[in-house]
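Turn these sequences into a full structure, and let the hints guide you.
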Amino acid sequence: MIMKPEWNEVRCLRCVACVGSCPTGALSLSGWRIKLNEDKCIGCGLCARICPVDALGGGENGG
Amino acid sequence: MADEHIVDALVIGGGPAGSITAYEVAKGGYNVLMIEKRAEIGIPVRCGEGISKEILPILDIEKDPSWICSEMDGARIISPCGNVMVIGPEVAGPETGFVIRREIFDRMLAERAASAGANLWVNAEATSFERVENGAVVRCIHDGKDVEIHAKVVVAADGFESQVARWGGLNTALAERDIDTCIQYEMMGVDVDPKYVEFYMGRRFAPGGYIWSFPKGENISNVGIGLNATLIKRGGDPKRYLDDFIRNNDRFSKGIITEINAGGVSVGLPIEKTVADRMLVVGDAARMIDPLTGGGVYTACISGQEAGRTIVKSLENDNTSAEGLGGYERAWRDRVEDQLVRNYLAKEKLLDLDDEVLDKVIEGLSEYDLKEASTQELLKGILEKHPELVNELMG
Chain A
101 MIMKPEWNEV
111 RCLRCVACVG
121 SCPTGALSLS
131 GWRIKLNEDK
141 CIGCGLCARI
151 CPVDALGGGE
161 NGG
Chain B
-6 MADEHIVDAL
4 VIGGGPAGSI
14 TAYEVAKGGY
24 NVLMIEKRAE
34 IGIPVRCGEG
44 ISKEILPILD
54 IEKDPSWICS
64 EMDGARIISP
74 CGNVMVIGPE
84 VAGPETGFVI
94 RREIFDRMLA
104 ERAASAGANL
114 WVNAEATSFE
124 RVENGAVVRC
134 IHDGKDVEIH
144 AKVVVAADGF
154 ESQVARWGGL
164 NTALAERDID
174 TCIQYEMMGV
184 DVDPKYVEFY
194 MGRRFAPGGY
204 IWSFPKGENI
214 SNVGIGLNAT
224 LIKRGGDPKR
234 YLDDFIRNND
244 RFSKGIITEI
254 NAGGVSVGLP
264 IEKTVADRML
274 VVGDAARMID
284 PLTGGGVYTA
294 CISGQEAGRT
304 IVKSLENDNT
314 SAEGLGGYER
324 AWRDRVEDQL
334 VRNYLAKEKL
344 LDLDDEVLDK
354 VIEGLSEYDL
364 KEASTQELLK
374 GILEKHPELV
384 NELMG
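Going down the list, the sequences are from chains A and B.
Read in order, the letters of the first sequence correspond to residues 101 to 163 in the working numbering.
Read in order, the letters of the second sequence correspond to residues -6 to 388 in the working numbering.
Hints may contain errors.
Incomplete in silico selection of chain A near chain B, CB under 10 angstroms [to be verified]:
no., residue
1, V110
2, V116
3, V119
4, S130
5, G131
6, C147
7, R149
8, I150
9, P152
10, D154
Below, computed lysine-lysine pairings styled on DSSO-like, alpha-carbon distance capped at 27 angstroms [what the hints assert, rightly or not]:
no., chain 1, residue 1, chain 2, residue 2
11, A, K104, B, K364
12, B, K188, B, K209
13, A, K104, B, K232
14, B, K266, B, K306
15, B, K226, B, K342
16, B, K266, A, K140
17, A, K135, B, K226
18, B, K364, B, K188
19, B, K232, B, K247
20, A, K135, B, K306
21, B, K56, B, K188
22, A, K135, B, K232
23, B, K342, B, K266
24, B, K342, B, K373
25, A, K140, B, K226
Derived from the structure by calculation, the hints contain no laboratory data.
Here the structure is a predicted model, which is why all the values come from computation and not from measurement.
Even glycine gets a Cβ: it sits at the ideal position worked out from N, Cα and C.
Next comes the structure, spelled out in structure tokens:
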């Protein structure tokens, strides 16, 4: 499944579990926001699964 | 044109590993700057806040109630069906720990570095790293302004989410099975023994991980969960498992959540190379977390100490090439690698155990007169009570 994460600002705890787990370094926390570098993202979906609170597009389509 | 700033050593990241590195370099008489991207050291806390008492002599610091919340006597390990194994003070010895306030602990370490002569910038985010003759240039945004920092050596102390080591050409990528994802509540009004940490083991509670309760005082505890990334079915699993555990446990279900924190921890082995030309990697950025417990502060402190001491020598010799900094790699591995590898192997075993086996193991150990809290001693206990399980554990 190819998916680019969609960041849910309200749900996010800024724990950066996603940033540290991204295999290509496509995510970063900057100015208290999670930023995605679309060119680096390979759509593996690891960040969305790893998020402890469902803040990266795991919602309806993540089940 | 960016402002320019020249230092001997630049430390990127103001956690324990960074602060201790900066402290050692400053103590050695060199000009060191530590930059922290957040506006405040120690915030947000992303940690269970348990730490071994051995940290005091290692860092040469005194017990201080401003950052030590409580002192443990031992641990209780609870199996999926509810069997309890107690590791009391006579067995746990120095392996027991403190439950601390990380934000104050981190602040104390940063202040200690600054008192020794280190410079510190908060609100300073590194954006690039480039090697130049005899050093490196790091660009950063400090209070919204571009600054170019010229340093003879740069320390990647930027934690689990490390980018700096990657910029320096070192491989910090994690395999999925080497990541645990964690969430923790600080809860008040819970029924906990203030002298005992608790670990709830097994797939029933936490697939590929465990649930912990680290008491911070009477009726207050950090209650958290870590799950292995490979066993997470969809985003948000850690929260669901933790909420289920709390709801179904009378001792916790009436508690009130006063804080939520979360994060990722690496549970693999440290990265293969922690040294490159003009660069050292310390602490979580180098994946130096105990794979069994998920604890990283202790090893972060050791690596920071060795990094700082190596940097002082390399500056004395005017050689911050990978060769000149090579002593760091040997020094930290000598002090912690054996323990990390042993616990990595133990964790890999634990990940594979069925709940029924775990129930038997913990039941057997609860009846065995444990002499010390070591893997070898635990295996001896299992051999005595459940010899049939040893093959399963060793195979």
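Problem set entry | Those earlier numbered hints the structure runs against, lowest number first | Of the numbered hints given earlier, those the structure breaks are 1, 11, 20, listed in rising order.
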